[in-house]
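Asks: Hints given; two lone chains; assemble the complex.
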Amino acid sequence: MNQNELQELIGLWVDGTLPEALRDLVEAEMAKWPDLAEDAAALRQTARELRTLPAEHPDSWFVEKTLTRLLREHDAAEAGIKAA
Amino acid sequence: MPEWNDDERLAAQYAAEGDARALEILYRRHVTSTYGFARRFLTTVEDAEEATSETWLRVFRALRAGQYREQAAFRTWVFGICRNVCSERLRQPRLPTLSLSDIGESLRDHWTLFEPQPAPESALSEALASLSEDHRLILTLCDLQGFTATEAAEIIGRTPAATKSLHLRARRALRDIMQISGRQDE
Chain Z
0 MNQNELQELI
10 GLWVDGTLPE
20 ALRDLVEAEM
30 AKWPDLAEDA
40 AALRQTAREL
50 RTLPAEHPDS
60 WFVEKTLTRL
70 LREHDAAEAG
80 IKAA
Chain P
0 MPEWNDDERL
10 AAQYAAEGDA
20 RALEILYRRH
30 VTSTYGFARR
40 FLTTVEDAEE
50 ATSETWLRVF
60 RALRAGQYRE
70 QAAFRTWVFG
80 ICRNVCSERL
90 RQPRLPTLSL
100 SDIGESLRDH
110 WTLFEPQPAP
120 ESALSEALAS
130 LSEDHRLILT
140 LCDLQGFTAT
150 EAAEIIGRTP
160 AATKSLHLRA
170 RRALRDIMQI
180 SGRQDE
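So the sequences go chain by chain: Z and P.
What the first sequence shows, in numbering that gives the first Met the number 0, is residues 0 to 83, in sequence order.
What the second sequence shows, in numbering that gives the first Met the number 0, is residues 0 to 185, in sequence order.
One chain only, chain P, in its complex shape (with noise of 0.2 Å):
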């Protein structure tokens, strides 16, 4: 049984009262993070914030829904839910696209002024994209979200033994890429 915290608090309130400002709180203490998991998850700002909005819109429904009842905490509850929008949205078939530097060179001979900027990406993220879905989840959600073992048990549907594991393969995977491309100090 989490803590009872605020979290918990103005979830419940917001189910049993409809208060609207209980949501917007909730949302604006977790908007950040969720949308920085759906960006390294999903390695694009478009998909990232497509993501961020149905996770908050299925969170709004399953609160109204009374599908919250603080077994797990609130944070732990909706990074649930974004990571199976974000996987959803991984299986989602895809038209091919062009990116902006695709568009810069085909403009660049005909259109001196335009000159893409692609956002400057470390070797670090590089490495992290490249890796498989299950290991860049994991990574994201214990290092770079600070979840414990458990919690990311639960977010992902494993058990903790099994979580622990695949965190300790996913860092093996990383650390293989950077050392391989010579990244990483040994």
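Pulled out of the complex, with its shape left as it was, chain Z reads as follows (with noise of 0.2 Å):
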């Protein structure tokens, strides 16, 4: 395995998507180098901590008024296909 195919490979365990094969085979290689291990266990605590975060909402007077735009605009469209 190359360093590229590795990193790929580590980029899949962090996210915890790797098949249960190739899981073992990249553990194997972390356990022979122990600042890849360290590393790659940090990105993974950081990839958790990033899908923590809180989702962010819009004000629901924002999200009405865009829609009433949009629908304004979706009447002046059909009103000119009318016209024509």
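Hints listed in this document are in silico derivations from the structure and should not be mistaken for laboratory results.
Given the structure is predicted, the values throughout are model-derived calculations rather than measurements.
Be a bit skeptical, because a hint or two may be false.
Said to hold, decoys possible - Only some residues are given here: those of chain Z computed to face chain P with a beta carbon under 10 Å:
1) Ile-9
2) Gly-10
3) Asp-34
4) Leu-35
5) Thr-45
6) Ala-46
7) Leu-49
8) Arg-50
9) Glu-55
10) Asp-58
11) Glu-72
12) Glu-77
We put the CB at the ideal spot given by N, CA and C, even for glycine.
Replies: What follows is the structure in structure tokens.
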């Protein structure tokens, strides 16, 4: 396994999406290189923390205002088609 | 070819028949995630709202012009538009602005009733906001919005391999900031 392949697999290991056989292979590689294992574990921690960030929600007033504007544009476009 | 799911059917229905209900369903289904993306990518509420409005106007116009052809999943296509709008916004020259806390500082001695309350931000949010545009973009798409590397590649216009590499570098950059500031457990 070359470095690029290993890096790509580490990316999948960080996400927890590696198939079991490949996960064992990557973890065996990491066991040989403590720095690599530490780096990957810290990346996994960062990825997990990122997923805990709360979703940002728009203000309901903004959502309705933007929809009203969209539907006004829609009505104008439809009126243009009928007039033509 | 993406699966023919409900979003794609609705988009085609709107493009073909001009059914306003289809447009409204698509908007309501995706407005929160496009806003959430813009909010993290652009970092301020005002910018996120303007970018979200502009995104949906462009989506509407592109649908009417027949520019959506189901080559991409509808959500991926919308985020491609949103990403372009946000990037354009970042490049616009900006006038210096006063934040609420700046205003609060200047008024505090004179108006004791006015107490500015900035939104609480976590250390992680602040670290994310301090990253480069490319890094913030890929982390927001993949880690916060849940796009795969292949979908994110379509949105940002890179190859899947380059996108995976960018994603890994972005996570490292974020981890480094968190570690330097002592905000992540070792």
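Asks: Which earlier hints turn out false for this structure, listed by number in ascending order?
Replies: Failing hints, ascending: 3, 4.
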